[in-house]
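The listed protein sequences correspond, in order, to chains A and B.
In case it helps, UniProt numbering puts the first sequence at residues 1 to 258.
In case it helps, UniProt numbering puts the second sequence at residues 1 to 363.
Hints listed in this document are in silico derivations from the structure and should not be mistaken for laboratory results.
Virtual Cβ for every residue (Gly too), placed ideally from N, Cα, C.
Treat the hints with care, since some could be wrong.
Now the stretches of chain A that chain B is said to cover, found in silico as 3 or more residues with beta-carbon under 8 Å [to be verified]: (1) 50-62; (2) 89-97; (3) 160-170.
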Amino acid sequence: MAKRVSASNVTAYYGGFKAIENINLTVEPKTVTALIGPSGCGKSTFLRSINRMHEVLPGARVEGSLTIDDQDIYDRDVDVTAVRRTIGMVFQRPNPFPTMSIFENVVAGLKLNGVRKKSILEDAAEKALRSANLWDEVKDRLGKPGAGLSGGQQQRLCIARTIAVEPQVVLMDEPCSALDPISTLAIEDLMFQLKDKFTIIIVTHNMQQAARVSDRTAFFSIEKTGDPGRLIEYDNTQKIFSNPSVKKTEDYITGRFG
Amino acid sequence: MGETPHRSADAGTGGTRVTQSHERPAGASARVAEAPVSTRSPGGTELGGGGALPRSRKFGAERAFRGLTLAAGTAVLVIIAAIAIFLVAKAVPALRANTEDFWSYEGWSPNETQPKFGIGALAFGTVLSSALALLIAVPVALGIALYLSHYAPRRLGTALGFLVDLLAAVPSVVFGLWGRDVFSSPVADFSVWLNQHFGWIPLFGGDGPFGASVMLGGLVLAIMVLPIITSLSREVFLQTPTANEEAALALGATRWEMLRTAVLPYGRPGIIAAMMLGLGRALGETIALALTLGITFNISFNLIQNGGNTIAANIANAFGEANETGRGALIASGLVLFAITLIVNITARAIIYRRREFTESAA
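Pulled out of the complex, with its shape left as it was, chain A reads as follows (with noise of 0.2 Å):
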């Protein structure tokens, strides 16, 4: 269960502002893709295109197209919700839901879905958080508040909470970005087991991280302030980190800007 996403020619608007032009990219099922770039070049906004998250901000909307599997998600008949279940998405900061448990967070996403059944709630909510691999930390204490838990852990149950829902695709907005280095090694240990099953694309403002974990990254870049952000280069990691076709992917990647 997992699904090839592909867009073309995808521009993205806050307003008036144009964040992102005619992005046209490919991602194969059953990989992790890393968008890098610095800040302002629109990684993060093309992220929250793919699961229609953008149009949440008032003013925001975004025109080309969006498929997965063939089916276009910006379709007139499509239903938004439908398209955020099958894409996932999980935040930059840890936001588990505060007034909830760590099991009601892990099943939520299934109550909206109208699971009810207490023994079906229980096997999702192991399932998940042993996928997780926040299950032993926790099981003996999922009755207490999530909000409870160490910044690591919050997250991983922010990625509990995203896949119990069964997504085709999960999304990440730099999840690594508020948590210490012991943190990060255990979601990016998490990310190579999850992209058994899932299309994994990641934001990351740490390139390291992108080499690490990647199979596939795409380069954003701006060209001044104010100007929307283009896809600069997308290939085989590798090939990114080690022979960039442009100069500009060479001069980031080095750290000679951004």
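Since chain A is already given, all that's left is putting chain B on it; use the hints.
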């Protein structure tokens, strides 16, 4: 609002931190004052280096301010004690003179030579009208608050929020007069309709006349507490972290599901606090009810017949022609009202406290 216990805990630690640091900065500031002297003297030590540390000051602004805050804090206790002593001292003689049971007698004639008065009907009327008011106001207020915070365009939301706050500024006597002279006739018509179709329910039974009833009083009260509950809940809803709202949406929640998953649970302690403030106002409301209720002294669940009374309304109506015992009796009823509001507040605190583990980690 939501994290009242949390914030007060913060304030507590903040307070101790201030008193702890109080000693040392006092020394530090003295050292700064001393520094120019030592640099001016030849061969003097550098700022903060060498030499004996100066003694902490015995008197000064710090101490004076501490004394002032202590006095302000003590004043609260003194005022409460003074009120309590006054109320009890006035109430006890009247209660002694009462020839009927204070709790169960349904009537209020304390000015006779054989004083007879009972609190039962008044306390019941107070609770009934306030409960009715909350029952009507809370769903409407939460609806308005959710609309203003999450559905309305930002500018419209701000403008409407301002209007709601204006409603809170209308004096209660105006609400009372409006209720009596304008609102009572539609309520009377509605009451007749209720009586015809739902007369078999005791709440809507009776033979009339209808109009100046608990229903009218409750509706006027509901309008009066609506702005408090609305604006407080709106504030709480606006404080919901965007991250949580986005988390719910990203799981595939519709807007209403997002509100139910992220916003309402997060705002729960705040909603309870808002309800309790509204209830406090409803319980203590005097003139609006004195003007709209039909003033009877019996315990009845009937909502639409003329009648109903509350402790505060009774005090307003009866104080003018009360004698010594009459005033004492009214003061005793005031004590009971105080006890009722106290119980309401303690209950609310308890509800918020029970979930503190979840609300504290929320912030």
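Are there three or more residues in the stretch 50-62 of chain A whose C-beta lies closer than 8 Å to some C-beta of chain B? holds (count 4)
8 Å C-beta criterion, at least three residues: is the stretch 89-97 of chain A covered by chain B: It holds, with 6 qualifying residues against the three required.
Count the residues of the stretch 160-170 of chain A whose Cβ falls closer than 8 Å to any Cβ of chain B, and tell me whether that reaches three. It holds, with 3 qualifying residues against the three required.
In the structure shown, no violation is registered for any of the earlier numbered hints.
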